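Each protein sequence line maps, in turn, to chains A and B. Quick note: the first sequence uses the working numbering, first residue 7, plus one each step. Quick note: the second sequence uses the working numbering, first residue 6, plus one each step.
Think of the hints as simulated: they come from the structure by calculation, not from any bench. Relax, there's no trap hidden among the hints.
Here chain B is said to cover these stretches of chain A; the calculated rule only asks that three of the stretch's residues, wherever they fall, bring their Cβ under 8 Å from a Cβ of chain B: (1) 17 to 30; (2) 42 to 50; (3) 177 to 188; (4) 235 to 246; (5) 250 to 263.
Away from chain B, derived, C-beta distances all over 12 Å, residues of chain A: (6) ALA65; (7) ALA125; (8) ALA133; (9) GLY191; (10) ALA224.
Bear in mind that the values here come from a model prediction, so they are computed numbers and not experimental data. Ideal Cβ positions, reconstructed from N, Cα and C, are used throughout, including at glycine.
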Amino acid sequence: MPDPASISCEDLSYAYPGEAEPALSGVGFEVRAGEYVGVVGPNGGGKSTLLRLLNGLLAAGSGTVRIAGHDPTTEPFEVRQRVGMLFQNPENGLVAPFVEDDVAFGLENLGVPRGEMRARVRGAIEAVGLAGYERREPHTLSGGEKQRVALAGLLALEPEILLLDEPTSMLDAAGRREVLDRLRGLRREKTILHVTHHLEELLDADRILVMNGGELVADVYPAQLISDPDLLARNYLVLPPLLRLASGLGLEAKKPRTPEDLAREIQHRSPRRTEAR
Amino acid sequence: MRLELRHIRHVYSPGTPFQVEALRGVSLSVGPGEVLGIIGGTGSGKSTLVQHMNLLLEPAGGKVLVDAVDATTLKKSELRRRVGLVFQFPEAALFAPTVWEDVAFAPRRLGLEEAEIGDRVRESLALVGADHLKDRSPFALSGGEQRRVAIAGVLAMGPEVLVLDEPTSGLDPASRQDLLRLIRTLRDTGTSVVLVSHDTDEIAEVADRICILEKGEVRAIGSPSEVFYANPDFAPATVSTVAALNETGWDIGHPVRFRETLRALAGLMEG
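Can you make the complete structure from the sequences, with help from the hints?
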């Protein structure tokens, strides 16, 4: 029998109690093991509801969810073992007096041997760039630092599948780069579903799911999405500033990744280039 | 109102081995009709600083001045009405059965008459574009809607200074644009606005002055153009692009906002 898909949803629907409109309706897609898939769309589009259905925090109204072949509602243990979820607001997740205890919290619950636990905690703290913070108290950390502690706690559990709900929303540019680099390092090794409002974080993703009004409205490659102004506009998506500048100058086909890329392209195209040294 | 912070110091867990000096003598001010943008890396002290603006945190040293009056001499309730603070993820504090009741909570505590409370709630909800949500449960709203309702709750107090700590974090691009528009509207009606964000592209579009915090100190403060061109590590994409061109010998000036940058660059392409 071939390996089941890492994540699979079929005709998935859900309505919150007391709400007439469904939060999710008829959503179907598959994510293979090792894929890096982005999820974008407006607030209220169904992104967070989808994640909660995938890890069994919510039970599907109709349709099916399978995580490595398991149903999150009837086989929660199988699913929780494989899935690590990081929420938007790191404040909600931090529980222990010191950073290292917080990162170790999940491992203690699983009964991991002491020596192995230490090594995993150390590795995870280093991975998020917080070496030296082991004995800091979480309440003295900034929002961005707390988010990195939460991510470290997740990585220490070594899940196969990472569900990330805007993991960089509280990070500054440097912290964001650090976390995104780390996520890039986990590619192929983990299956990653990454919800974000920042398209620039998904330019290297394998695919991007666009959710709006509770429906999956597109399942596309990043390059397709950023070069489709109608698809972007219909889903209230805005290109990152650099791509918007490029597009305003008629250079969108060049897809600059850095300001330097764009500057070079402008120089190249400008009739004034002979004046420059 | 003019809000001024002078030499503010703050220490977490003083006298313990875990002592952290979060603010080391920060001075800045914001005046009526001005948007002061505060940026800085994680751990630079931004959130600690804003909690001093209405003395939610007491400084270990330094003074907070409200129109030149020492804030410690004002009643706390008076100070917190005049300096409205919107925390990170303010929607976590929503609690009432309906949006209307939630926004009415604070003005009711001020002891206002029902008619006045009604006016304030209506105005605040209209300002954030949430009038149509007034009868809904705040818990059934989307993240962006909840954020706007939470901000309306602070606006209903009628603050003279509005302090927003990472107000767009977690919002979709369209909701972000709405929030920036709201900030401009408030500024234009004479409210002083302090906007804390780690998103320099966004802050560049709306701030009149910029302050960079670093390790609890002010690294730079001034006009967006001065600050961003002198501190490339915090520059928005617009400034970085122009700076890269200026470095090759072209002189395009120092635009910051998207539109003026696009205009300057388009001029180059036309020759």
